[in-house]
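Engineer: What follows is each chain in one-letter form.
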Amino acid sequence: MNKFLVKIGRGVGGVVGALYQAGRESIDQVVVNILPFMAFIALMIGIILKTGIGDWIANLLAPLAGSLIGLLILSAIIALPVLSPLLGPGAVIAQIIGTLLGSTLIANGDIPARFALPALFAINPQVGCDFIPVGLALGEAEPETVEVGVPAVLFSRLITGPVSVLIAFLFMPLLPYE
Amino acid sequence: MDALVLAAEWFIGLFKTGGDVFVSLVVGIVPLLIVLLTFVNALVALIGPEKIDKVGEWAARDGIIYYPVRYILLPFLAVFFLTNPMAYTMGRFLPEKYKPAFYDSAVSYVHPPLGIFPHINPGELFVWLGIAAGIEALGYSVVPLAVWYLIVGLIVIFIRGIVTERITAIMWARREAK
Chain F
1 MNKFLVKIGR GVGGVVGALY QAGRESIDQV VVNILPFMAF IALMIGIILK TGIGDWIANL
61 LAPLAGSLIG LLILSAIIAL PVLSPLLGPG AVIAQIIGTL LGSTLIANGD IPARFALPAL
121 FAINPQVGCD FIPVGLALGE AEPETVEVGV PAVLFSRLIT GPVSVLIAFL FMPLLPYE
Chain G
1 MDALVLAAEW FIGLFKTGGD VFVSLVVGIV PLLIVLLTFV NALVALIGPE KIDKVGEWAA
61 RDGIIYYPVR YILLPFLAVF FLTNPMAYTM GRFLPEKYKP AFYDSAVSYV HPPLGIFPHI
121 NPGELFVWLG IAAGIEALGY SVVPLAVWYL IVGLIVIFIR GIVTERITAI MWARREAK
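Each protein sequence line maps, in turn, to chains F and G. Residues 1 to 178 (the numbering used here) are what the first sequence spells out, left to right. Residues 1 to 178 (the numbering used here) are what the second sequence spells out, left to right.
Worth flagging that the hints you see were computed from the coordinates, not collected in a lab. Wrong hints could be hidden among the right ones.
Claimed, not checked - Simulated DEER-style distance windows between Cβ atoms:
1) G:43 to F:86: 34 to 40 Å
2) G:177 to F:20: 56 to 62 Å
3) F:20 to G:68: 35 to 41 Å
4) F:52 to G:95: 35 to 41 Å
5) G:23 to F:133: 52 to 58 Å
6) G:36 to F:166: 29 to 35 Å
7) F:51 to G:2: 20 to 26 Å
8) F:10 to G:68: 38 to 44 Å
9) G:95 to F:166: 45 to 51 Å
10) G:50 to F:69: 34 to 40 Å
What the hints assert, rightly or not - In silico DSS-like pairs for lysine-lysine, Cα to Cα no more than 25 Å straight-line:
11) G:16 to G:54
12) G:16 to F:50
13) G:51 to F:7
As the list claims (entries may be wrong) - Here are some, though not all, of the chain F residues that point toward chain G, as calculated from beta-carbon distances under 10 Å:
14) 68
15) 72
16) 109
17) 142
18) 145
Each residue gets a CB set at the ideal place from its N, CA and C atoms; glycine is no exception.
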């Protein structure tokens, strides 16, 4: 009986401990990663909406974001092997372009809401391109693998970047938006 | 004097709009996010991330039926349990020739699940949130977009893994020839 109680106590203690630790981690993540970026995005959106820069950028992006051809071109440009490692860090560029598209063109109804799906892929063919050597090192890759792997991934993105937009475009009609 | 006041009002207005955006982000997104992050963090801690090591060993095998294991199942489990950037350490189970393709596949999946599993990459949430905000502004639910982003993402990383594996093989052969 005593043993049983101890076992139950340990089990409950373990679960409660894990939950509490999980709560601590999630608050950490929010304070360290999420809130600072929200502050940055809020400042940016505020300035964009108030100064009218938003209309200007929206006019610039509208022809690219509102058609399949435009999104394919956008993804191909971002996937260029010279540009993609530069655009990668922290996904800052993808987050800014995404916020611009979302808060101007999509929110105003300038481009159909369904285009959100291919747009999510069109703004992101450079994902992780800045991080290839480190990512491969985390996977304990040999130096030769890194030497071959970096250009292999960069060139692959030139193909798979636009392909991802195309696939998302095919799935677009399944979204229940107008 | 009037002009000065007007200018000051405009200047403050810039940040007032930003402040309103910040409040809407914090009130609308952060509470759900904290609870969800806590749940998933606890789940991962209780299951134990080392459980997926077996899948890593499994994914290392040659043969066409292991492609989905290597470029869909393993990247998904890796980013879900280990999150960005520790997910790439799963590459250590794979032979050198597959490492660049696995990295490409895994790193491309740190954004598509963000609408449902934000714990994967809380620092880069706005790749998803930026565009999702536009859908929300139109009065639609963002859940269908989140689900299709996750599903189409799996198809994209599968194709990306296969293409990068081919390109790596070609580049490796060329290097050997030299």
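Engineer: Hint by hint, which ones does the structure fall short of?
Structural biologist: Hints 4, 5, 9, 10, 11, 14, 15 contradicted; others consistent.
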